[in-house]
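Visitor: Each chain, letter by letter, is given below.
Protein chains: 2
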Amino acid sequence: MELWFTETHSPGVRFSMKVTREIVRHQSDYQSICILDTEEFGRVLIMDDYLMLTEKDEPFYHEMITHVGMAVNPAITDVLVIGAGDGGTIRELTRYPGIRHIDLVEIDEDVISLCKAYLPQTACKLDDPRVHLRVEDGVKFVRQCENRYQLIIVDSTDPFGPGEGLFTREFYGNCFNALTADGIMLNQHESTFYDEYSDEMTRVHRTISDLFPIAMVYQSHIPTYPSGHWLFGFASKGFHPIDDLKADTWNALKLKTHYYNTDLHRGAFALPNYVKEQLNI
Amino acid sequence: MELWFTETHSPGVRFSMKVTREIVRHQSDYQSICILDTEEFGRVLIMDDYLMLTEKDEPFYHEMITHVGMAVNPAITDVLVIGAGDGGTIRELTRYPGIRHIDLVEIDEDVISLCKAYLPQTACKLDDPRVHLRVEDGVKFVRQCENRYQLIIVDSTDPFGPGEGLFTREFYGNCFNALTADGIMLNQHESTFYDEYSDEMTRVHRTISDLFPIAMVYQSHIPTYPSGHWLFGFASKGFHPIDDLKADTWNALKLKTHYYNTDLHRGAFALPNYVKEQLNI
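Chain order of the listed sequences is A and B. For the first sequence, counting from 1, position 82 maps to 82 in this note's numbering; every step adds exactly one. For the second sequence, counting from 1, position 116 maps to 397 in this note's numbering; every step adds exactly one.
It is possible that part of the hints are untrue.
[Said to hold, decoys possible] Okay, derived cross-link-like pairs now, BS3-like style, lysine-lysine, Cα gap no bigger than 25 angstroms in a straight line: (1) A:Lys276 / B:Lys337; (2) B:Lys537 / B:Lys527; (3) B:Lys557 / A:Lys256; (4) B:Lys337 / B:Lys406; (5) B:Lys299 / B:Lys397; (6) A:Lys276 / B:Lys535; (7) B:Lys527 / A:Lys276; (8) B:Lys518 / B:Lys421; (9) B:Lys557 / A:Lys246; (10) A:Lys276 / B:Lys537; (11) A:Lys18 / A:Lys125; (12) B:Lys337 / B:Lys527; (13) B:Lys557 / A:Lys254; (14) A:Lys256 / A:Lys246; (15) A:Lys256 / A:Lys56; (16) B:Lys299 / B:Lys337; (17) B:Lys337 / B:Lys537; (18) A:Lys125 / A:Lys256; (19) B:Lys537 / A:Lys18; (20) A:Lys276 / A:Lys237; (21) A:Lys18 / A:Lys56; (22) B:Lys537 / A:Lys56.
Because the hints were derived from the structure by calculation, they are not lab data. All values derive from a computational prediction rather than experimental measurement.
Whenever a hint applies, use it, and build me the whole structure from the sequences.
Guide: Now the structure itself:
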C-alpha cells in the first residue's frame, strides 16, 4: 500500500509526498491538525490540509524568520512571537543567551501540545524558562502592548482561517505600538509566484510600508512551500536590514545554522524583478 | 476529464500540473519529446518524462544562465552554447548588440524543429543571422575548439541520458581550452536538496574547480524544477563574478528582465550553509 499526501498549490498544481505513517489526526476548536511521517521530508505538520512544516526544510524557514532580525540587533532582550505553536521559531530564539524574555502568543493550545508530543525537533525549547506561553488571540494580545518588545515575529499561517487577522492594518499598527523605539518586526509574507496570494501580499506590503519607516521584503528557498520561493517582511523603526547588519557580532556567537549565514542575509534582500513589480518596490 | 502530468522529484515526492491539451508527442533518435499546454504554467516541454521548461518560469532560468556572464564581461562577442535546443538561452544572448557570433551545438535536431513549431516564446531567435546551428554532439564539438569563445554556456539536460557526457572532466577540460584567455563558462548545476543528484554535483564542482582558477556556484528560484532551488556554475580564467560585475554598463543596456537584475546577481552567489557543505565550498 502506498499513501500520498497531496497539497494543492494552485488550481493547476499539486505537490505530493509519500507517507510512511499517520501519527495523529485531530480537530481542535480552531483547525484540523495532522502529523505524518514521510519518506523524503521526515515528520510533517499539516493544518487545515495545508502543509505547515517538514523536518527536512523547517530549519530554513525558522532560521530566516529569526536570525535576520537578531543579526541586525544582537542586543535584543525582549521578544514577542505570534503564532508559531510548533516551536521552531522559539528554538532558534533560545539559542541567544542575551534574550531574557519571550512571549509566545498562540491561539490554539492543541498545536502546542501535539507538537510537544510528536514534533520534538521544533518543540524542544518550548519549556525554556524564558518562554512565556499565552494561549490567546495574537490580534487581541498586541492591542494591550506598548513600547515593550525590541523584536516581534509574526509567524502566521495563511491569510485565511485562524491566521486571517494577522494580515490586517489594525494588527500591524498595534505591533508598531508594541515595539520599542529601536524595534524590528519580521513577518512571514507568503509567496507571489502563484496568483492566489499575490494581491494580498501586495496589500500587506503597502500596509506595513505606510506604518514603518523601514519596510523591506526578503526571500528564501523553502522547497516544500508553494513555488519554493518564500518571502518574509523586515520592518523597523530605524534599523536598516543590510546597513545595520552586525555580521562580525553575529558570527562571533558561533551559532551553527543549516541555511542562514550573514552573506546570505545580504543576498536575501535582492529580489527578482517580477517580485519587485508585484510588490511595487 | 482532467489530465495531469506528474513528475517524480524523488522516490517520495511528486509534482503535478493540470494539462489542458497535448500538443505533440514524439520519439526522436535520442529521447522522447512532448509539448503540453497547462493551466498554470502555459506551454511546457518534457523530454524523457522530465520537465525541461515551462513558459511561466523559463525566463528565470534563461536569464540567470546568460546575463550573469554577460554582465561580468559585456564586451563578449563570440559565444558557444551547448544543448539549449529550445532556444531560450539564444533568445537572451541575441539581445546583446555586441555579440557577433553564436555557435549553438544541439545533438537532437528534432528538439529544434519542434520548439520552432510549438514553443515560439523560447525558439523565437533561433534564426537570428548571428546564430550558427550545429547538429552534433557537444562533447565531440569542443574537442576541436581552441581559444575561440569568450563565453561558453552549458545548458545541459540532466546528468544521465543524452546529456551525460556534458558532466565529465574531459568535457570541461575541452571547454577550458575552447575559451579565450578571458573566457567564462556558465553551466546548469542541478540542485542539491534531494539526494539524487547531490553527490554528482559535488563531483562536478570539484572537477570544474580543479580546471579553472575561479569556480563558483550561484542559485536561483526555478519553481517548476525539483525543490525550486536551482544552481548554476560560474567558472572563468580570470573574471570574478562579483568583483568584476559591470553593473553600470549592464544597466545602461536597459534590457528588460523578468528575474535578473544586478543586485540579485550579487546576492545569487550567497549560498545557504547546507549547499556550501554539500559542495565543499
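Visitor: All hints are to be evaluated individually against the structure, with a verdict given for each.
Guide: How the hints compare with the structure:
1. A:Lys276 / B:Lys337: Within the cut-off at roughly 17 angstroms; holds.
2. B:Lys537 / B:Lys527: holds (17 angstroms)
3. B:Lys557 / A:Lys256: holds (13 angstroms)
4. B:Lys337 / B:Lys406: Cα-Cα ~18 angstroms, so holds.
5. B:Lys299 / B:Lys397: holds (24 angstroms)
6. A:Lys276 / B:Lys535: Judged against 25 angstroms, a Cα distance of about 17 angstroms means the pair holds.
7. B:Lys527 / A:Lys276: Holds, at about 22 angstroms.
8. B:Lys518 / B:Lys421: holds (22 angstroms)
9. B:Lys557 / A:Lys246: Status holds; Cα separation ~22 angstroms.
10. A:Lys276 / B:Lys537: Judged against 25 angstroms, a Cα distance of about 13 angstroms means the pair holds.
11. A:Lys18 / A:Lys125: violated (29 angstroms)
12. B:Lys337 / B:Lys527: violated (28 angstroms)
13. B:Lys557 / A:Lys254: holds (17 angstroms)
14. A:Lys256 / A:Lys246: Cα-Cα ~17 angstroms, so holds.
15. A:Lys256 / A:Lys56: holds (16 angstroms)
16. B:Lys299 / B:Lys337: holds (14 angstroms)
17. B:Lys337 / B:Lys537: holds (16 angstroms)
18. A:Lys125 / A:Lys256: Holds - the C-alpha atoms of A:Lys256 and A:Lys125 are around 16 angstroms apart, at most 25 angstroms.
19. B:Lys537 / A:Lys18: Cα-Cα ~41 angstroms, so violated.
20. A:Lys276 / A:Lys237: holds (22 angstroms)
21. A:Lys18 / A:Lys56: The hint holds at about 14 angstroms.
22. B:Lys537 / A:Lys56: Since the Cα atoms of B:Lys537 and A:Lys56 sit roughly 37 angstroms apart, the hinted pair is violated (cutoff 25 angstroms).
Of the hints listed earlier, those the structure fails to meet are numbers 11, 12, 19 and 22, in rising order.
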